[in-house]
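Protein chains in written order, with UniProt numbering: chain A, 1 to 375; chain B, 1 to 375; chain C, 1 to 375; chain D, 1 to 375.
To be clear, the hints were calculated from the coordinates, so they are not data collected in a lab. Check the hints yourself; a few may be wrong.
Because identical chains cannot be distinguished in the list, a pair is counted as satisfied if it fits within a single copy or across any two copies.
What the hints assert, rightly or not - No more than 30 Å apart at the CA atoms, straight line, and that leaves these computed lysine-lysine pairs for DSS-like:
1. Lys206 with Lys216
2. Lys272 with Lys216
3. Lys107 with Lys179
4. Lys216 with Lys179
5. Lys272 with Lys179
Predicted model only: the values in this text are computed from it and were never measured.
There are 4 protein chains.
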Amino acid sequence: MTSSDGSLGVGLIGTGYMGKCHALAWNAVRAVFGDVARPRLEMLAEVSEDLARQRASAFGFARATSDWRALVNDPAVDVVSITTPNAFHPEMAIAALQAGKHVWCEKPMAPALADAQGMLAAARASGRIAALGYNYIQNPAFREIARMIADGAIGEPIQFRAEMDEDFMADPGEAFTWKSEASSGYGALDDFAVHPLSLAHRLFGKAERVFCDMAKPYETRPLAGGGRRAVETHDTANVLLRFSGGLQASLLVNRSAWGRKGRIALQVFGSKGSILYDQERMNEIELYRADGDPARQGFTRILTGPAHPPYGSFVPAPGHGLGFNDLKVIECRELIRLIRGEPASLITFEEGIEIERTVHAAARSFASGGWEEVG
Amino acid sequence: MTSSDGSLGVGLIGTGYMGKCHALAWNAVRAVFGDVARPRLEMLAEVSEDLARQRASAFGFARATSDWRALVNDPAVDVVSITTPNAFHPEMAIAALQAGKHVWCEKPMAPALADAQGMLAAARASGRIAALGYNYIQNPAFREIARMIADGAIGEPIQFRAEMDEDFMADPGEAFTWKSEASSGYGALDDFAVHPLSLAHRLFGKAERVFCDMAKPYETRPLAGGGRRAVETHDTANVLLRFSGGLQASLLVNRSAWGRKGRIALQVFGSKGSILYDQERMNEIELYRADGDPARQGFTRILTGPAHPPYGSFVPAPGHGLGFNDLKVIECRELIRLIRGEPASLITFEEGIEIERTVHAAARSFASGGWEEVG
Amino acid sequence: MTSSDGSLGVGLIGTGYMGKCHALAWNAVRAVFGDVARPRLEMLAEVSEDLARQRASAFGFARATSDWRALVNDPAVDVVSITTPNAFHPEMAIAALQAGKHVWCEKPMAPALADAQGMLAAARASGRIAALGYNYIQNPAFREIARMIADGAIGEPIQFRAEMDEDFMADPGEAFTWKSEASSGYGALDDFAVHPLSLAHRLFGKAERVFCDMAKPYETRPLAGGGRRAVETHDTANVLLRFSGGLQASLLVNRSAWGRKGRIALQVFGSKGSILYDQERMNEIELYRADGDPARQGFTRILTGPAHPPYGSFVPAPGHGLGFNDLKVIECRELIRLIRGEPASLITFEEGIEIERTVHAAARSFASGGWEEVG
Amino acid sequence: MTSSDGSLGVGLIGTGYMGKCHALAWNAVRAVFGDVARPRLEMLAEVSEDLARQRASAFGFARATSDWRALVNDPAVDVVSITTPNAFHPEMAIAALQAGKHVWCEKPMAPALADAQGMLAAARASGRIAALGYNYIQNPAFREIARMIADGAIGEPIQFRAEMDEDFMADPGEAFTWKSEASSGYGALDDFAVHPLSLAHRLFGKAERVFCDMAKPYETRPLAGGGRRAVETHDTANVLLRFSGGLQASLLVNRSAWGRKGRIALQVFGSKGSILYDQERMNEIELYRADGDPARQGFTRILTGPAHPPYGSFVPAPGHGLGFNDLKVIECRELIRLIRGEPASLITFEEGIEIERTVHAAARSFASGGWEEVG
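Could you put the whole structure together from the sequences, leaning on the hints where they help?
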């Protein structure tokens, strides 16, 4: 239970890429924002006692365990960060919710829609907060984009384009890993597309129908022990969508795109202007407004600053730049606010399942060769 | 007939946007390249005698006429530049070819595929050169991109993306014009998509199948005389394609994209690297190569220069920049070379009809809601 | 004399880099603008009869000569393009002016100030137009910048920065040439600095005092025949300036700057905004205006178009791009207008000598180690 | 004294812009790096007890005080972060050093050179670590630049340019503050120039001579209570320098540069290539190498990633981006390493005073109008 000073007891499962990111956020959130109580870092779970102890020490957690069930049932733990591989999310999240804990689970909910539905049911039954780690919606730059659209800066949106590309699967000589196994999901479609879809959701609501083409850049990959194995997932996906009201959209994702390191590029065209964004330059927005002297019109490159909350909680000077990890600190504070019953901007299981439903509809479309309703 | 000094007698039909561009090219081609004879600017045709005379004087043509048939039949004319609206291309091109003239016709061949087929038949029957004005393939930057792909700089291509966007239809308050009438074609699909398709053709050959979604950003437009009229064309088109060998591609075109003025953005991802290009910065190429020290890898922004022929025929110093009109001068010289029987890089009716077939297949797909073979 | 139809008889001396550029401009100017008579390309002079004949044929000149004096005295020649190495400018320009011809001489006037003064005296005595080839002031982008400053878009200018960099002298292994001989001038200071100074002149008037530091990146260079020779010119110059009213400025020039191909980068800071420009992206301007919502402020990247005359005389669509050679066509028309007694924007010998005076004052400063008045 | 587990007891004086930045770093350093003990946040000093208590709670410090002398003398404090206005640095740093504490003081040391010298003397006498907050040298991007130069990627450096610009003084209507009082220092020269000088120091060593021109964009500023007051500091400074070996450099700083928010732009030209950097895009480096096929040369835009340590301690994926505050975390770990007697990269008082000596020499040059030796 939340302690008398309002502080939350935190449990962290997993300490890889996103696990460390959660840990950094829990350590920083009070110092950055000042308006939330300092979380009590109660317990950390890893696959072995040794690793758990080592990481607990590094990340400032009081206790370590190799038994995640002990963690989710620990009375001092109020909220559980789940940062393990996607396949583990359902079991862990449901157990934590059933133990009466709030859950902060990395995206996506689960590889299979049925599992995600189970998670949502558990969340509803528990009455606890069940939130997902869609950090990009927390970027002050993205929040400003949402404000621009809401206040009509570009008029009525007429088209949306998104691309998400990285190159960690680009090398055909790289050995076969679980990322190429069908059990990991569809490939880039669920690995990547959920991120731009989370952004689209916040701007335009639910996707209504989708069409999808997926491809395997490399049919086989070498096995570590020699020989080659057929690749089962698709490292690229081209998705066409229609959102409510008929808004036309496209979503191109590629995890074999040499040179792209963390690209999430958005283009929003409206009746009075346009907005551009690229996550690789996460402190910038480009805005075109079709008004005034045509000789002076162009895309305005806006550097984020204190005019774009909560940037100013990190640095009082504009243009000095936030980093990837700072987004998780913002998300962490939103979570705390949500748990406290305050207004907050976060993607919960309720909204998250809509995003994943879009992904599954896209996969159906790839099989059927036609448009599929998201449902 | 070509005169004894090898010079060509030129007839020009139309003096608007592309007509002037042709005229400038005919005036400049010998001075720029030196290796072709100075064309004889014999005759210019416009809708009225007055306008024809005025433009003939400005553009340096010896004679003016309001009768394009007189022009295509004039014995001093060897080659006819056709730069009138697309609907006029078939009649004019066929007449010129039947009169034994070479033809240099602006893209696309014709709104209807049957008409384009008629033009091709006339070209074959005539034995004359019948070329199309696809100027972007002439850019030294694009030629370098083609060379990069051919020499394996990025390995095996695995995905291609193209976008072409302008904003001349972006203002919903702009009055209804012929561009919104069904008789003008499909909309952005034929107006724009043929350009990036011409580039794709040169890099990857023929598209095999396509899927297409089109949209009307604005359902109606105001009439000049009051009231509103329903828009019949689609100002945006999202097209997914597969080229031979299964290469996955996407093509997004939008003529209502505020802020985009002459964007033709290409992304080519390969097994060893990537290439980026944007026509709005037509003197630049970006190349990523996945070799050497990872700490030093990135997209290399290459400024065109004498190392990218025929840039050096315009300016001996790199990075000083060619302009849009210079591409037509290069195309003009390619045409002269082709007429002289020399190797040249130009899109003739034979290749052009393949591009247009892709467009018509895309339109069929929009109607059917499924993939369509280009055929 | 100008013929009855108002056309000018043109003589061209020199057919290298800028000679060809002049030739292209004389060929294109009427077709582009329509409002000037077609020049008569009367005579071309080169170092040998053969080369002259060959170039005259290529560039469309009626007659060829190896005797430039014959050219400047030819009765059919009204205006003489002088594009030879700088050391030849004084003799040729003075002879042409004394023969009653208008002169269009490439910048700078002469290596020595006394020679430039002689040229100015000859121009004054002749009553003819004596103009210099400062093409960058003709860029529609630059004209818009001048308009921005004039109409107060950035308030009162408070600081100006310019850089001009190329890399043709960057390779230390490149052989010694005349560019490294003292007789060619100071080095980058006169070779480059006059260009940004011409731009500064148009924006802010005369420089009043200067301080200069020059450097030799490489003390010696290899001789073609073996051995090495001491470099006598300075390939870099850092110049600080004050313009009238005390406006603070800096000018950094470097012809050994690897990677820079045609960079002329300007930064103008004002009390209400800022302007950025880079010649390597000559169709773009960046404008920052400190007004409106701070959350929406940033540098606006403006692509030139018909809103920036005379861009529209080349291409009716914005963002399609002019090239380096197009600037000379604009300059050519300005020259014709000036000769016709119409308002025109061109740097004549009167203004050009002020620019060169600044360069010589900078050289004095390098010697004295202190500020020098331009005088 | 450092506790038995090697952890340092930390005291923080000041909680403004950089005070918070220090606090965030002390909170994060162990979780990010794992290889340093978790600091004990012992005591925080602010101007009032109330504010001190509030900030101590927010930043996780155990005790709060309004008496900074109590803090520097507290036995549990091992190291003191000094983040107060520059004028307070000498007294506080000297007291802390005399109390046997290590000192981490924000740059610059002091407005007056004599005071800085006193600080250095105290550091030497104490035998403690006395480090300065020059965070930009900690950027993985900058470290890579240093590596590039050291390993000859661009050959022998021949010229260096730096600019540092922000716009917080750009509005002439902004009221007069202490930043415009002579007691605060020279203006942009000491406020800004020390940052790029710290970078230059790391790349090229000590500056040997300097020339400086400073300007006041606005002669007076409005007083809050009405009327106007003469500005005493210079908001811009143009500095020319020569480093050891004669390397030519320039340093342009402007805190009235509209649109610039956190610009620190570097250009390093070498005999085999060039490097560009801009702090507003702090996760990017541009590298030009003059080798291989000229048709493929250009500036390579490198996104930082795990290949650029210690980026990977923050995020395992490249191109995801560090932020401004992350640099201070790196600096904090370097400080801890230095205190532990391990190799570390930090600017201590010994090096810092050289940077400040350069600034004072520049100020002398502005007065004398000639070059000044740094001494």
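Comparing the hints with the structure gives:
1. Taking CA atoms no more than 30 Å apart as the test, Lys206 paired with Lys216 passes in both settings, with 28 Å inside one copy and 20 Å between copies.
2. In this assembly of identical chains, the alpha carbons of Lys272 and Lys216 lie at most 30 Å apart only when taken from different copies (16 Å versus 39 Å within one copy).
3. For the identical chains of this complex, Lys107 and Lys179 are intra-copy neighbours only, at 16 Å inside a copy versus 45 Å across copies, given an alpha-carbon limit of 30 Å.
4. Proximity of Lys216 and Lys179 under a CA criterion of 30 Å is satisfied intra-copy only: 12 Å inside one chain copy versus 39 Å between copies.
5. In this homomeric assembly, Lys272 and Lys179 come within 30 Å of each other (Cα to Cα) only across copies, at 20 Å, whereas the closest approach inside a single copy is 42 Å.
In summary, the structure agrees with every hint in the numbered list given earlier.
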